[in-house]
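*Asks:* Model the full structure from these sequences, guided by the hints.
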Amino acid sequence: DAGVIQSPRHEVTEMGQEVTLRCKPISGHDYLFWYRQTMMRGLELLIYFNNNVPIDDSGMPEDRFSAKMPNASFSTLKIQPSEPRDSAVYFCASSPGTGGPLGNTIYFGEGSWLTVV
Amino acid sequence: AQTVTQSQPEMSVQEAETVTLSCTYDTSESNYYLFWYKQPPSRQMILVIRQEAYKQQNATENRFSVNFQKAAKSFSLKISDSQLGDTAMYFCAFSNSNSGYALNFGKGTSLLVTP
Numbered sequence: 133d134a135g136v137i138q139s140p141r142h143e144v145t146e147m148g149q150e151v152t153l154r155c156k157p158i159s160g161h162d163y164l165f166w167y168r169q170t171m172m173r174g175l176e177l178l179i180y181f182n183n184n185v186p187i188d189d190s191g192m193p194e195d196r197f198s199a200k201m202p203n204a205s206f207s208t209l210k211i212q213p214s215e216p217r218d219s220a221v222y223f224c225a226s227s228p229g230t231g232g233p234l235g236n237t238i239y240f241g242e243g244s245w246l247t248v249v
Numbered sequence: 051a052q053t054v055t056q057s058q059p060e061m062s063v064q065e066a067e068t069v070t071l072s073c074t075y076d077t078s079e080s081n082y083y084l085f086w087y088k089q090p091p092s093r094q095m096i097l098v099i100r101q102e103a104y105k106q107q108n109a110t111e112n113r114f115s116v117n118f119q120k121a122a123k124s125f126s127l128k129i130s131d132s133q134l135g136d137t138a139m140y141f142c143a144f145s146n147s148n149s150g151y152a153l154n155f156g157k158g159t160s161l162l163v164t165p
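Protein chains in written order, with this note's numbering: chain A, 133 to 249; chain B, 51 to 165.
In short, the hints are calculated from the structure, not lab data. Every residue, glycine too, gets a C-beta built ideally from N, C-alpha and C. There's no promise every hint is true.
[Said to hold, decoys possible] Looking from chain B toward chain A, a few residues come up when the C-beta cut is under 10 Å (computed):
{"hint": "1", "residue": "F85"}
{"hint": "2", "residue": "P91"}
{"hint": "3", "residue": "L97"}
{"hint": "4", "residue": "R113"}
{"hint": "5", "residue": "N146"}
{"hint": "6", "residue": "Y151"}
{"hint": "7", "residue": "G158"}
{"hint": "8", "residue": "S160"}
{"hint": "9", "residue": "L162"}
{"hint": "10", "residue": "T164"}
{"hint": "11", "residue": "P165"}
*Replies:* Rendered as structure tokens:
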């Protein structure tokens with residue numbers, strides 16, 4: 133089975149530009165998560181969706197960040213305008229939810245490395 | 051809020067030896083899940099092992115096993131017969147229904163396996 137697929141893998145952009153990160157979760161998974169990893173703050177949960185509905189976006193740092201999940205197989209995380217402090221690895225992850233031998237286990241994509249200069 | 055503490059920022063072990071990584075957590079919930087994830091230099095997050103709090107038996111996955119002490123809120127990871135490929139950051143994580151089973155991570159332990 134294909135895992136969580138993220139694109140782009142690497143992006144370098146100039147301050148002020150719009151950045152869109154994309155994610156395709158594992159088919160059949162009901163939960164989708166966006167995490168950010170930096171040296172200073174470690175792994176932070178930004179937002180998560182259940183059945184395409186945003187449930188908790190309290191981790192989204194500012195209004196410059198927005199996330200959508202228009203259908204069960206696609207999600208985006210957008211930063212507009214981008215700033216140098218947004219440089220990080222952004223992970224998308226998905227989970228089948230409760231039930232089954234691996235219920236509530238979260239599977240990660242390979243990450244999108246963002247550098248804002 | 052649940053907190054996860056990994057008190058060992060860095061550890062080193064020789065190939066073929068055994069090493070134990072520590073993790074403690076704080077929660078008032080009785081039903082939850084605990085995980086160890088491995089992050090090699092590629093930065094990919096790889097699930098190592100998973101433990102359900104209501105199960106008393108410690109989880110094992112090949113060379114990896116945990117010592118789950120629910121009363122002490124401790125969840126250590128033991129790596130037996132360490133291999134060079136085990137060199138990575140290891141993150142302990144907690145989840146429960148209060149947050150949609152989103153993972154709450156510790157700060158990680160950097161493990162170096164030496165020849």
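*Asks:* Now look at each hint and say whether the structure bears it out.
*Replies:* For each hint, the structure was consulted:
no.: 1; hint: F85; verdict: holds (7 Å)
no.: 2; hint: P91; verdict: violated (12 Å)
no.: 3; hint: L97; verdict: holds (6 Å)
no.: 4; hint: R113; verdict: violated (20 Å)
no.: 5; hint: N146; verdict: holds (9 Å)
no.: 6; hint: Y151; verdict: holds (4 Å)
no.: 7; hint: G158; verdict: holds (7 Å)
no.: 8; hint: S160; verdict: violated (12 Å)
no.: 9; hint: L162; verdict: violated (18 Å)
no.: 10; hint: T164; verdict: violated (24 Å)
no.: 11; hint: P165; verdict: violated (28 Å)
In this structure, the hints that do not hold are numbers 2, 4, 8, 9, 10, 11, in rising order.
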